[in-house]
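Quick note, the sequences are listed as chains A and B, same order. So in the numbering used here, spot 118 of the first sequence is number 118, and the numbers just go up one at a time. So in the numbering used here, spot 288 of the second sequence is number 288, and the numbers just go up one at a time.
Hints are supplied without guarantee of correctness; some may be wrong.
One copy or two, either will do: identical chains are not told apart, so a pair holds if it fits within one copy or between any two.
Derived DSSO-like pairs: lysine-lysine, alpha-carbon spacing no greater than 27 angstroms straight-line [stated by the list, open to error]:
hint: 1; residue 1: Lys290; residue 2: Lys14
hint: 2; residue 1: Lys196; residue 2: Lys152
hint: 3; residue 1: Lys29; residue 2: Lys290
hint: 4; residue 1: Lys260; residue 2: Lys214
hint: 5; residue 1: Lys62; residue 2: Lys30
hint: 6; residue 1: Lys260; residue 2: Lys8
Since the hints were derived computationally from the structure, they do not count as laboratory data. Note that the structure is predicted; figures quoted are calculated from it, not measured.
Each chain is listed here by its residues.
There are 2 protein chains.
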Amino acid sequence: MEILDGKKAAQAIKDELKMEVAQLAVEGKKIPHLAAILVGNNGASETYVAAKVKACDEVGFKSTLVRFEADIPSVKLLEKVQELNNDPDVDGILVQLPLPKHIRESDVIDAIDPDKDVDGFHPVNIGKMLQGLPSFVPATPHGIMLLLEHFKVETKGKHAVVVGRSNIVGRPMSILLSSNSNPGNCTVTICHSHTKNLKELCLQADIIVAALGKPEFVTADMVKDGAVVVDVGITRVEDSSRKTGFKLKGDVHFESVAPKCSWITPVPGGVGPMTIAALMKNTFVSCKLKN
Amino acid sequence: MEILDGKKAAQAIKDELKMEVAQLAVEGKKIPHLAAILVGNNGASETYVAAKVKACDEVGFKSTLVRFEADIPSVKLLEKVQELNNDPDVDGILVQLPLPKHIRESDVIDAIDPDKDVDGFHPVNIGKMLQGLPSFVPATPHGIMLLLEHFKVETKGKHAVVVGRSNIVGRPMSILLSSNSNPGNCTVTICHSHTKNLKELCLQADIIVAALGKPEFVTADMVKDGAVVVDVGITRVEDSSRKTGFKLKGDVHFESVAPKCSWITPVPGGVGPMTIAALMKNTFVSCKLKN
Chain A
1 MEILDGKKAA
11 QAIKDELKME
21 VAQLAVEGKK
31 IPHLAAILVG
41 NNGASETYVA
51 AKVKACDEVG
61 FKSTLVRFEA
71 DIPSVKLLEK
81 VQELNNDPDV
91 DGILVQLPLP
101 KHIRESDVID
111 AIDPDKDVDG
121 FHPVNIGKML
131 QGLPSFVPAT
141 PHGIMLLLEH
151 FKVETKGKHA
161 VVVGRSNIVG
171 RPMSILLSSN
181 SNPGNCTVTI
191 CHSHTKNLKE
201 LCLQADIIVA
211 ALGKPEFVTA
221 DMVKDGAVVV
231 DVGITRVEDS
241 SRKTGFKLKG
251 DVHFESVAPK
261 CSWITPVPGG
271 VGPMTIAALM
281 KNTFVSCKLK
291 N
Chain B
1 MEILDGKKAA
11 QAIKDELKME
21 VAQLAVEGKK
31 IPHLAAILVG
41 NNGASETYVA
51 AKVKACDEVG
61 FKSTLVRFEA
71 DIPSVKLLEK
81 VQELNNDPDV
91 DGILVQLPLP
101 KHIRESDVID
111 AIDPDKDVDG
121 FHPVNIGKML
131 QGLPSFVPAT
141 PHGIMLLLEH
151 FKVETKGKHA
161 VVVGRSNIVG
171 RPMSILLSSN
181 SNPGNCTVTI
191 CHSHTKNLKE
201 LCLQADIIVA
211 ALGKPEFVTA
221 DMVKDGAVVV
231 DVGITRVEDS
241 SRKTGFKLKG
251 DVHFESVAPK
261 CSWITPVPGG
271 VGPMTIAALM
281 KNTFVSCKLK
291 N
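Use the sequences and the hints to build the structure in full.
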């Protein structure tokens with residue numbers, strides 16, 4: 001069993017980006033600039049945004065963090081998005097989700113210029129991804145593909161089972177893995193809450209992507225020997241023995257599943273860092289396309 | 001075994017549309033108007049466009065057929081698309097594919113106003129479909145969903161195997177069948193040229209959608225008893241005994257597969273008529289949204 005070490009792979013990607021940014025600076029060209037919008041003060045969102053800003057610092061990107069109170073009117077938020085769309089210095093715009101309930105998330109995402117939508121959530125980017133055209137691919141699925149690529153995990157002709165059909169992970173993952181690309185060219189089965197024989201399906205899988213958001217849902221009896229297991233789940237589970245009061249758990253019961261795997265991602269330190277690396281990569285590409 | 005009779009289901013949809021159009025006329029409202037662009041004189045394309053125009057007549061839509069020679073410059077075609085985008089009377093625009101090689105199809109599709117893209121090929125519509133938002137769904141997958149709906153074929157919790165990953169059929173089909181909708185909520189496996197154990201996978205399927213474009217590829221030994229089989233293929237195979245010189249063949253070997261099925265589409269008369277019915281339905285919806 002080998003670890004799909006997301007920290008290591010993400011570091012390699014960030015190191016490369018850092019060099020490329022330094023090169024841009026030498027050539028007197030524009031440096032990538034990511035603008036993040038954070039509404040309210042959800043603990044997890046704070047952590048994610050802070051990690052993204054930190055990653056920008058690491059690779060030498062400019063970053064702007066725009067904060068709003070939880071009760072900001074939708075129209076104000078849309079105005080800010082428009083302002084960032086029009087700002088030629090800003091290459092990437094991300095609005096940290098979830099948003100407060102009075103704001104319709106799709107309105108905000110649709111308002112982002114698709115050419116600055118480095119989170120890859122705009123319908124235009126989703127549609128282009130499905131059509132195999134150049135696009136910003138959502139950061140988590142993109143990060144997983146980069147992780148498989150980094151560790152040279154063979155995917156062609158493999159049977160991948162994706163558990164979960166969310167718009168931001170499960171669905172794009174099923175598209176990317178089944179695309180005519182490398183990594184890619186998997187036969188892909190997408191499973192969800194209405195799937196009847198999930199265990200049997202998982203047992204057929206050469207690659208399992210667990211993205212349903214249920215801690216330790218995938219257990220050893222669902223995984224065949226030699227499988228590759230990618231754990232997208234990251235749930236805060238109460239743990240009074242810890243200073244933070246919680247522990248991060250994935251969707252896979254790591255201790256029992258890991259010994260059966262050829263490759264497995266840890267939680268934390270697997271998909272999470274790759275999501276951020278993918279976001280940095282998207283922002284860099286957005287900047288390069290304008291240079 | 002029962003026949004998923006596309007002619008019958010399409011007729012029912014067209015009859016309903018005809019009544020609704022008559023109602024619009026009574027109310028003095030705008031009548032749906034479909035504009036079709038045909039470039040060159042490919043035999044199959046001529047047939048398809050003629051069938052679409054005929055369907056417009058049947059349901060009482062206005063239709064405009066714009067013809068161009070095969071050597072039309074790309075820019076001229078784009079100008080015409082723009083003109084139709086700007087024409088408030090036109091509700092739906094379709095550009096019959098394939099286009100001559102000197103024209104990039106994605107340029108033309110991207111130029112169509114997404115709100116008039118009744119073929120559902122624009123990235124915005126594809127992206128919204130994937131996100132489960134209201135959108136124009138590509139006519140063939142949409143027609144298949146309408147067919148399953150018409151005959152009340154149970155899909156929830158079933159395992160659907162989609163053979164073929166094309167942008168216009170296989171991929172959207174896999175999304176629609178796995179969506180949280182009715183029909184929908186299938187576990188979906190998408191297969192393609194790199195799939196290794198296609199026969200075993202098909203044998204697991206409660207529903208098979210064959211959309212690979214290889215005549216009579218799916219044979220009885222690949223289909224389990226009681227399966228639902230949807231045949232999207234329609235290939236012209238030479239047949240000198242016929243006046244036309246060809247015979248239409250599906251991707252399924254009907255004679256041997258049909259006896260095993262609970263439901264099966266014939267070719268012709270299955271998916272084909274439904275594609276046109278779905279196009280009419282999309283055009284009607286586009287018109288209604290403006291009324």
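Lysine 290 and lysine 14: within-copy, between-copy, both or neither at 27 angstroms Cα: within (21 angstroms within a copy, 49 angstroms between copies)
Same-copy or cross-copy closeness of lysine 260 to lysine 214 [CA-CA at most 27 angstroms]: within (21 angstroms within a copy, 39 angstroms between copies)
Intra- versus inter-copy proximity for lysine 8 and lysine 260 (alpha-carbon distance at most 27 angstroms): within (22 angstroms within a copy, 52 angstroms between copies)
Status of lysine 152 relative to lysine 196 across identical chains (alpha carbons, at most 27 angstroms): Intra 33 angstroms, inter 20 angstroms, cutoff 27 angstroms: inter-copy only.
Homo-oligomer pair classification [lysine 30, lysine 62; C-alpha up to 27 angstroms]: Intra 10 angstroms, inter 52 angstroms, cutoff 27 angstroms: intra-copy only.
Intra- versus inter-subunit Cα pairing at 27 angstroms for lysine 29 with lysine 290: Within one copy, since 10 angstroms is at most 27 angstroms while 47 angstroms is not.
Checked against the numbered hints given earlier, the structure satisfies every one of them.
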